[in-house]
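Student: Residue numbers (the numbering used here), protein chains in the order written: chain A, 1 to 657; chain B, 1 to 82.
FYI, nobody ran anything at the bench for these hints, they're computed from the structure.
A couple of the hints might just be wrong.
Derived lysine-lysine pairs resembling DSS-like cross-links, with alpha carbons at most 27 Å apart [what the hints assert, rightly or not]: (1) Lys72(B) - Lys232(A); (2) Lys518(A) - Lys585(A); (3) Lys452(A) - Lys8(B); (4) Lys38(B) - Lys503(A); (5) Lys8(B) - Lys196(A); (6) Lys452(A) - Lys232(A); (7) Lys219(A) - Lys8(B); (8) Lys237(A) - Lys8(B); (9) Lys196(A) - Lys437(A); (10) Lys452(A) - Lys38(B); (11) Lys232(A) - Lys67(B); (12) Lys36(B) - Lys95(A); (13) Lys38(B) - Lys95(A); (14) Lys219(A) - Lys67(B); (15) Lys95(A) - Lys8(B); (16) Lys7(B) - Lys472(A); (17) Lys67(B) - Lys437(A); (18) Lys72(B) - Lys207(A); (19) Lys67(B) - Lys95(A); (20) Lys629(A) - Lys48(A); (21) Lys237(A) - Lys67(B); (22) Lys7(B) - Lys583(A); (23) Lys232(A) - Lys8(B).
Chain B stretches covered by chain A per the calculated footprint, using a threshold of three residues with CB under 8 Å from any CB of chain A [what the hints assert, rightly or not]: (24) 21 to 31; (25) 53 to 60.
C-beta atoms are modelled at their ideal positions from N, C-alpha and C, and glycine is treated no differently.
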Amino acid sequence: MSNFPGTTVDYKWADIGNARIIDLPGTYSIYPKSGDEQVTVSTILGQKTGFEPNKLIVVADASNLKRSLLLCLQVIDLGLPTVLALNMLDVAAQKHIQVDSVELSKLLGIPVVEINARKKQGIDLLEQTVASLKTPTKIFYHINPAIVEFLEELKIVINTGNIYKDLVMAHQVSNASHAKQNIARVFSKYEFETGKLQARETVERFKQIDEILIECITKTAHVTDRSNFADKIITHKVWGLLIFFALLFVMFQSIFWLARWPMELIEQGFDSLSSFTLHMFPNNMWSDLFANGVLAGVSGVLVFVPQIMILFSLLTLLEDSGYMARVSFIMDRLMRSFGLNGKSVVPLIGGMACAVPSIMATRNIENVRDRLITIMVIPLMSCSARLPVYVLLIGLIVPDTQVWGVFSMQGLVMLGMYLVGFIAALLVAWIFKLVLKQNKKNYFILEMPAYKWPTINNVSLVVWSRVKIFVKEAGLIILCVSVILWFLGSYGPGDNMQQIEKKYSQTIYKDSSFAQAKMQAEKLEASYAGHFGKWIEPAISPLGFDWKIGIALLSSFAAREVFVGTMSAIYSIGDGEGHQSLKHKMQAEVDTLTGKPRYSMATVWSLMFFYAFALQCTSTVAVVYRETKSWKWPLLQIIILTGMAYLASLAIYQGFS
Amino acid sequence: MYLSELKKGETAVIEAIEADDLVAKLFEMGCVPGEKVKMVLVAPFGDPVAIQVAGYTLAMRIQEAAKVRIRKDNFSSQKIKL
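Bound-form chain B, shown alone:
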């Protein structure tokens, strides 16, 4: 599953970034594998989107989000901490 498929309010964990030209930038913005993300905003025309990551809000286009592979994080959306 990819970040671009995540709906507003849903959370997930980053697994990998599948674009060579984006890896360096997204990594230094804190989007490293294992990091939790939450979809928080969608712009007026459905693109770009903004996620909560590493304690701040980060905006990116759908085409970038489509390169971020994620794993749905079912536990935290139910507010249960393991």
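Excised from the complex, chain A in its bound form:
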């Protein structure tokens, strides 16, 4: 039952034997206050999965039993077979709190099992208890005399056979924007106010809980929490901010430096695999599709796995230790000036690796407007897919020199591009703040969990599940787009393609790798992708881009880093020559109209800003649609971000030249 920023926001399930076990996000009560809590409540009520769970395990923090029991009592009153798993007894013992679980079980009317989730103790007993679990023997909910009539009439429209469940359902419906007419009539007749009713119920339940706790809890001494001392430093106005920015810097560095090796390995592996395929199998459409479409796509997906793994390991470490809640705490005031809130910070940091999981991580922001603004600006944070694009472009225009003997000039420009993304995110958020009205539920109330040591077990579990989600969901889209792009790049209208192939099949060209590469370039120009590039050229030439960059822009919609690969193909670079030669080719390219270098300062800066702002990521669009449940926001996001990119590039190119 935890609810700190960034922890579980969706339900996970596993089938064991003929049973399905579902792990739900933490919630403080049966009345959800945020998106992740809503997931839990809908699942318990059977709205999410279409069936009610047969049995429930409520995991409670023994060191903080009072709050944990609120949900427990509510769940008992729903009438579902429930067991209370009492966790963190060791922490409770440190605080000199003893819990009598036998007495607790008697008072609650359900089994209570002591467990230690970290050390995996008591799990066997929990399993046995679940196997023989029965309906709770007690009911705690007393129908308030003031709402007896309301509940009676409610039965006509909502009748689950359990009066408390009817009420919970009614609260759920009142939260939805449109209640069915007959239910809405009952609500207005009895002036149903969800907030007031919940408050009254909560107070009554806490009274009952106090009575229960007096019987089964003994406090031997009062000690101050160790967390308090750490918090004095971590939330300090100077040290707190310094520690936060230092941690960010270390995280940022390690994502790039640690991931470089495995990323190169994956790329090289797939390159050799695809050239092996082309050598082993007859040269036809299928081997080409497999090597250049499918394998390229799979490699484009897997190449991000190292970065995602490192990022999520670090983020999970910080979350599990309890630090992330402090980050939200110290950054809230600053973020609020920009229409965001403290809980936006973690997803924004995550956006530097990948926008897709970060957008999902916004679910624990209760405030609808703040959550929406956070989702809208996350793609402006420079994600890892922009990195290879920046590397190539910065290499073109920035000399490889040192500043003050320590910093590399190129590295500083790179850092500058990350800052550009971050500042743009804040500015756009601020504009949204002016436009979007604040809704009623505007508060920032957050539990600051006690600091604890993260366990390797949990970190690896989280990382594994993130990687799986990425490979499965984002991977499928990237793969599809890669195959489509392969088609657009390999086929063209009419018989132009065949004629180019025929021309280069003459014997004088046979053994020249230069001619073969030139053929590829000509084929690309004649392909559908080439036609597309020519078609959009008038629109992008004010930005300093030609049709070749146009193709790269199109292909970037699969994943931004495809830019580099597409440029390589366009500039007819054979395998194994790497970026160096692509860089030289691009530097040597001349603008046919002006006779000046094609990749002037103006064009490259314009291109970099285009990549900094434009929403060129199919996976992001898909996940924004899923999270906002409407096409309105992803479409608006495409228009705003890509519009910004266009205008910024236009201003830069026209200003420079």
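Based on the hints, put chain B in the right spot on chain A.
Tutor: Chain B in isolation, oriented as in the chain A frame:
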């Protein structure tokens, strides 16, 4: 007096929450009338703040704290238990 006026280290008892949209949330977080609270942390720009309540630490903004009516608890700050 309101929670927002409480200084770091001071303790008080919650009397009521004077905002309809906050009551349900703050109650379920354990901030029910009669509960003891202690101001423990203030964020870098003076907002949000964090209190100790029901055995854990809870953060909220000044604007939320300004809706929590409290009664100063002079006895416990002198460590005298009645």
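Student: Run the structure past the numbered hints and jot down the numbers of the failing ones, going up.
Tutor: 4, 5, 14, 16, 19, 22
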